[in-house]
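Enquirer: This is what each chain is made of:
There are 2 protein chains.
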Amino acid sequence: MIQIIPIKVSGDVRPPDELDSIVLKAVKQNHQEIRDGDILVIAQKVVSKAEGRTVSLANVKPSKDAVRMAKEHGKDPRVMELILKESAQILRAQNGIIVSETKHGFVCANAGVDQSNIQGDAAVLLPADPDRSASQLRDAIKKKAGREAAIIITDTFGRPFRNGQTNMAIGVAGINPIRSYIGSRDMYGRKLRVTEIAVADEMASAAELAMGKADGVPVAIVRGYKFEKAAKSSTKPLIRPKERDLFR
Amino acid sequence: MIQIIPIKVSGDVRPPDELDSIVLKAVKQNHQEIRDGDILVIAQKVVSKAEGRTVSLANVKPSKDAVRMAKEHGKDPRVMELILKESAQILRAQNGIIVSETKHGFVCANAGVDQSNIQGDAAVLLPADPDRSASQLRDAIKKKAGREAAIIITDTFGRPFRNGQTNMAIGVAGINPIRSYIGSRDMYGRKLRVTEIAVADEMASAAELAMGKADGVPVAIVRGYKFEKAAKSSTKPLIRPKERDLFR
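Top line first, the protein sequences correspond to chains W and R. In terms of my numbering, the first sequence is residues 1 to 248. In terms of my numbering, the second sequence is residues 1 to 248.
Treat each hint with caution, since some may be false.
The list treats identical chains as interchangeable, and a pair is accepted whether it falls inside one copy or across any two copies.
Said to hold, decoys possible - Heads up, simulated SDA-like pairs for lysine to any residue below, C-alpha to C-alpha not over 20 Å straight-line:
| # | residue 1 | residue 2 |
| --- | --- | --- |
| 1 | Lys-226 | Ile-5 |
| 2 | Lys-242 | Arg-92 |
| 3 | Lys-242 | Pro-160 |
| 4 | Lys-25 | Ala-145 |
These aren't lab readings, by the way, just hints derived from the structure by calculation.
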């Protein structure tokens, strides 16, 4: 059996709050503990806030391009400026929706720039290197709590073809984000059609069910899932190279 | 806390096995029970097999188009024929990968036609009407076990931009597959960026973690998730109309 345990975080997060302290304190306050083999799933917003990735819009000077696109798509020019800065490439800009590839390689709306659940006239950017954020948190938990946990940092993305958003992994540590069945055979000896499962994305989605959006639950523990451990892990294997994508 | 309980199904499934009997028997054999408010997640393969959606390839006569496309994409012409028959529209056909819109409106590889985990020279098609399959199962569980459960039928789909497949909902009963935050506000009174979460897809993904691909676990119970009940439910809200899709 797999368990998904919600961890409420009380109060606002801002530097110099350290992510590891926030998480460990919250786990304790929720009368839970981290165990070896747990997967700790953390919403991007908390990570970004702790890392100071909050930008006061008063300090953003929009470029000409940003002003033009903002007008065209009904956005704040300063937010548009941040979206352009965070993007490696704009893929679609239509009906007020901007879909871009972020500098990390993720394809999502507004390059992950977000104004919800944040105080004042500001926006939050995705962590600069979510894999590194995950790795540092993993190391700190090992050091401070003596536990071997995997980490998944998630954000909520839309997707083609289907309505509604789902949570996906944008940073991982200690876990292979893909479970491979390549070469495996089914119970009749036939090669499996399904060869690779994005288990980190599935865990991100599972954790979202326990998190919700407005309840102050940005962390969940996934317990009881036997994952493939990886000393060096990254979300890179989850990103399809653009030349191999049939829909770009 | 949310629990995901794997339900092993022993032996092969074939008509006249009834889906409800298979599921209820398996739950009992796994020393589990269905409770009011549970969500029963079931892999498409079992549903299709029970509904006789298995096609012996010896009985399939490929059309000229099927023969041509099969040659071009390294597929069995008879399987290609089934893919064409199950498709409303072929979206991409490249490097041996066929992505189509099924007659139900799902966008997936090979129109869901699958040869893994099936005996002999045969293929399994998606259920003709997965929402109906889910609804019938829900009614039968209510009648036979006296329990109010929601049903999600799932299949494993690839997706643009990201490697690895994840499970998605192709049939639902008793549950609103989308959780809407439209009009909701965050803790600072600002409108939420995220307005609609595809919770049925997230539950399908969560359940996949307990199912795996080769272990004979095609059913999982998701327990402890407070979902929005719906007397009349359908996967239609999960399907984005093509004219509103930026990547078609």
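Enquirer: Please go over all the hints and tell whether each is borne out by the structure.
Expert: Outcome of the hint check:
no., hint, result
1, Lys-226 x Ile-5, "both (16 Å within a copy, 14 Å between copies)"
2, Lys-242 x Arg-92, "both (14 Å within a copy, 15 Å between copies)"
3, Lys-242 x Pro-160, "both (15 Å within a copy, 10 Å between copies)"
4, Lys-25 x Ala-145, "within (11 Å within a copy, 43 Å between copies)"
Of the numbered hints listed earlier, not one is contradicted by the structure.
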